[in-house]
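Student: Spelled out, the chains give:
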Amino acid sequence: MASTREEQAEAQVLAGVQDSAEVHPIAAEEATAQANMTGENGDGADEAFQPATRANYRDLGLNGDQLLEMYYYMLLARSLDERQWLLNRQGKIAFVISCQGQEAAQVGLAYALEKGKDFVCPYYRDLGFMVTLGQTAKDVMLSVWGRAENTDSGGKQMPGHFGHRKLNVPTGSSPIGTQNVHAAGVALAFKLRGIDGVVTTQIGEGGTSQGDWHEAMNFASTMKLPMIMMVENNKYAISEPQDRQMAIKNVADRAPGYGMPGVIVDGNDVLDVYRAAVEAVRRARAGEGPTLIEAKVTRYTPHSSDDDDRRYRDRAEVEEVKNNRDAITIFRKLLTDEGILTSELDEKIRSGIRAQVDEATEYAMSAPDPAPSDLYRHVYADQSERTFDSQLSFEWSGSK
Amino acid sequence: MAIKLLIEAVRETMLSLMEQDERVIVLGEDVGKLGGVLRTTDGLWKRFGDSRVIDSPLAESSIVGAAVGASMNGLLPIAEIQFSDFIFPAFNAIVSEAARIRYRSNNDWACPIVIRAPYGGGIHGALYHSQSPEAFFAHVPGLKVVATASPKDLKGLLRSALYDPDPVLIFEHKKAYRLIKEEVPDDDYTIPLGKAEVKRAGDSLSIITYGLMTYHALAAAEKLAQDEINVEVLDLRSLRPLDVEAILATAQKTGRVLVVHEDNLTGGIGGEVSALIAQYAFSYLDAPIMRLAGPDVPAMGFNHVFEEEFLVSPERIERAARKLAEY
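If you're matching them up, the sequences are chains B and C in order. Under our numbering, the residue at position 118 of the first sequence is numbered 118, and the numbers go up by one with no gaps. Just add 1000 to wherever you are in the second sequence, counting from 1, and you've got our numbering.
Just chain B, with the same shape it has in the complex (with noise of 0.2 Å):
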């Protein structure tokens, strides 16, 4: 009865969560071969997933300071977000859409792009994506009060609905998988313009049930796109577990329908998403076509700030990862393994990133709200649309 629904929910999780006690480091080539890659041969598409290896962050060609960096904008997203819910919990501020739990799948592969020349067309939980391509901790905390200032939208949406076109951030919404047909055409541009730019496309393994998602698939697959597809798997879609979107175990095992390699990795190591991330880059831009990376992650908090996620999950799911694998956790362990961080350092970043977003709420806390008259600019580029009042009017005065 209630016992049988929970130990299903267990054994979902367990089936997309790594033992720890099976990860041991191992030569990066050696890592790469077992990796999960479902495409063209169709290796491993029906297995279970398999436990990642850890990648040698030497072997992928990083260095000290790049590792630092990975964890200065995990950490950055993490803050971030906890400030948001607590802000909400004070009741001031309307919504949450949170990262936590995925930020090393999110800036595992942001980090692999090229800032400037590669797009990413994100989905709502990707704030891990948004600080690695260089949103500040001031558009984050502006975009949560909608303020007239904010670079997403000036307020006209909801947080967690990017766009930024300095950033190469197309703008987002809300119906789920229209930014991965999106990505598609951004890809489609690249092919067609002669440029190795590459786009990354998120979505949760729920959104992976939707046509566009499929339709996204199918096009860039078919016309060879330089389109990486990332489905950052938290097992859950609002309360749906995935056995409710899917009859597969992966959502990778659908790649090779697609005729494009699908990658499993450990979306709470940083360094295995990089090293999935850094060859699908590498296919995207020698022309070899789209890859598919489903990230296994874990969803800390409720869906939103909306959702109360006691009404189909137990807490115990979400505190054993968070005690026992942490992304951040495990990266602290690494750096601070390697020498590469100190204690005395880490409290340095954190509290620098403490300070940026205190400024940053401050700010955003006290920062102007949008003028009424803002509702009607933009709808096209070249006029405002007439206000309420003139709805009034026995005469028409045109639309200026």
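Each hint should be verified, as a subset may be incorrect.
[Unchecked claim] Taking lysine-lysine pairs in the DSSO-like style, the calculated list, with each CA pair at most 27 Å apart, reads:
id, chain 1, residue 1, chain 2, residue 2
1, C, K1033, B, K191
2, C, K1152, B, K224
3, C, K1195, C, K1152
4, B, K138, B, K348
5, C, K1152, C, K1199
6, C, K1199, C, K1223
7, C, K1323, C, K1223
8, B, K166, B, K138
9, B, K224, C, K1046
10, C, K1195, C, K1181
11, B, K191, C, K1199
12, C, K1223, C, K1181
Calculated directly from the structure, the hints in this document are not laboratory data.
On the provided structure of chain B, position chain C as indicated by the hints.
Tutor: Then chain C, alone, in the frame of chain B:
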């Protein structure tokens, strides 16, 4: 000047736009090697190849969605929907996405795409190759919508649409492709979006219409002239934005207005036009505003009996105009 069919105007305008601007691509089902099932893109693929004329998968949502994405990365896409009846899988992509790109990004991003689709009936296309969906889109802030059967107008409107920084839908009447011939100037020109045209001046009664119905209205006007009912025919051309000044001006001039469209009556553009006149030109009216439109049935059926019963014809327009003139 040369006499051109609508289909020739469509094809030749796209050809010259593509020759002049390397950012222009055409994307849709069968637009490439085949040249389009109705031959709208005939010759383009031969001239420009796979890198500019793209045969897409059979999936309208991604035809439009990819066009949106491509337009945000330096291209000027013309997405062709094979028949306007099949535009509905792309409705989300058009209304939730394309229409809102500029607005929701606070002018940071724009979506300068063109979506072209053949619409309208009279070619035995039945329920799913004859529809007029323009009203669904004319309702949406952020979109521009054009509908025409005129070769001369199409040439100018398509050029304006392509360079419009916002998404424009162009509905081309499919029966008119091979039915309507006009003198079309040889040089390149634009016709501004949002501008109607008086196709026939008159002072007894105004017919406000668009698409193939413009030509039916002109035919009816010829007959009515014999009885000294001088009909003014205003061709809207743009359904969003509507040329409100022209609509009010003709209502003011004649005091009697008949709005005509092939699309279903209820919720069609005729309602919007009528409401505008009623609010802003009330005191100029000598008669109630009348609408003549396709009946409120899902679409015209396959059998010619159904098609004929559905379609607004010159005779029906004439009958309605006489009724209005007698009021």
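Student: Can you confirm whether the C-alpha distance between C/K1152 and C/K1199 stays at or below 27 Å?
Tutor: holds, 12 Å
Student: Just to be careful, I want the Cα atoms of C/K1199 and C/K1223 compared with a cutoff of 27 Å; is the pair within it?
Tutor: holds, 16 Å
Student: Taking only the CA atoms, is the gap from B/K166 to B/K138 under or equal to 27 Å?
Tutor: holds, 16 Å
Student: Is the Cα-Cα distance between B/K224 and C/K1046 27 Å or less?
Tutor: Distance of about 22 Å is within 27 Å: holds.
Student: Measure nothing beyond the straight line between the CA atoms of C/K1033 and B/K191; if it is 27 Å or shorter, mark the hint as holding.
Tutor: holds, 20 Å
Student: C/K1223 and C/K1181: Cα distance at most 27 Å?
Tutor: holds, 21 Å
Student: Take a quick look at whether B/K191 and C/K1199 sit within 27 Å of each other, Cα to Cα.
Tutor: Given that 27 Å is the threshold and the Cα spacing comes to 45 Å, the pair is violated.
Student: Mind checking the alpha carbons of C/K1323 and C/K1223 for me, to see if they're no more than 27 Å apart?
Tutor: Status holds; Cα separation ~14 Å.
Student: Compare the distance between the alpha carbons of C/K1195 and C/K1152 with 27 Å, and conclude whether the hinted pair is satisfied.
Tutor: Holds, at about 14 Å.
Student: Below or equal to 27 Å on CA atoms is what counts here, so check B/K138 against B/K348.
Tutor: holds, 20 Å
Student: Taken at face value, is the distance from the CA of B/K224 to the CA of C/K1152 at most 27 Å?
Tutor: violated, 39 Å
Student: Does C/K1181 sit within 27 Å of C/K1195, going by the straight-line distance between their CA atoms?
Tutor: Cα-Cα ~22 Å, so holds.
Hint compliance for this structure: hints 2, 11 are not met, and every other hint is.
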